[in-house]
Amino acid sequence: MLDLIIFYLAALIAIGGAIMMIMQRNPVASVMYLIASLVAQAILYIQLSALFVGALLIIVYAGAILVLFLFVIMLLNLRGEHFEEASWNIGRFTKYGLAVVFFLEVIVIIRQLTLPESVAVGADQAVAESFGSVETVATRLFREYLFPFELTSVLLLVAIIGAIVMAKKDKTEPGGDI
Amino acid sequence: MVPISNFLVVSALLFAIGTAGVMVSRNLLIIFMSIELMLNAANLAIITFSRMNLNVDGHIIVFIVLTVAAAEAAVGLAIIIMIFRNRETVNADKFNLLKR
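Protein sequence lines correspond, in order, to chains Z and P. Residue numbering for the first sequence follows the working numbering, beginning at 1 and increasing consecutively. Residue numbering for the second sequence follows the working numbering, beginning at 1001 and increasing consecutively.
Note that these hints are calculated values from the structure, not bench results. You may find that some hints are simply not true.
[To be verified] Below, a list of computed lysine-lysine pairs in the BS3-like style, where the Cα atoms sit at most 25 angstroms apart: (1) Z:K95 <-> P:K1094; (2) P:K1094 <-> Z:K169; (3) P:K1094 <-> Z:K168; (4) P:K1099 <-> Z:K95.
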């Protein structure tokens, strides 16, 4: 019962935060709602016994990536005239309608799945205490998936170089084209 | 006791909200955040299936996706800074250069 209450609370915050995020005009408020949504999603992760990844989501996502977003917003120094005007025309409703249709399609697919009752969270089944712990994930990561793990370092290096090259001010031609 | 399909429904809903955000919003930063939200919705589904099969491989996939999201955020925000420096706007309708 307690599981269910925690689940519904976390799901409500995750979905409510996401909806509020796309409704905002000010990107700073958007980032704040996204952080609220992410923390609630981390609670869902922990309910699914993914303790390590849940902690990672809060530390890396809410703590680093979204702070990077905030830094960029601060750097851009956006004022009121940069925010879009909310226009409720027919095209906007069509786009929301498309998203709803997409959601319903996925729901139909989920209904087709045969999900065993025994795997429900909180059911009397043997989830090993170590499932999803740092030790289990790290052992798997550094034994079977060592090479993909090393490749992520190359990916991050390329991203660092790309970001520096793009964000660097070009001194030779001021105000060059995009 | 929470049925496992509930988590999949939440994941689908988050992904749909993300698509709506990408389609509706005209602010580049909010479009970018919606993409991050969609990545997270996919992560939630992967974690759910990982828990269903009691297989920890899904956690590794999510770990890699988080890395890709970090790299994407760095490069994407650099692009946004560059666009703002040249055009003084973050409105996606103001630089539809490929559309003309």
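Structure-based check of all given hints:
1. Z:K95 <-> P:K1094: Holds, because 20 angstroms separates the two Cα atoms, which is no more than 25 angstroms.
2. P:K1094 <-> Z:K169: Satisfied, since the Cα-Cα distance of roughly 22 angstroms is no more than 25 angstroms.
3. P:K1094 <-> Z:K168: Distance of about 23 angstroms is within 25 angstroms: holds.
4. P:K1099 <-> Z:K95: holds, 20 angstroms
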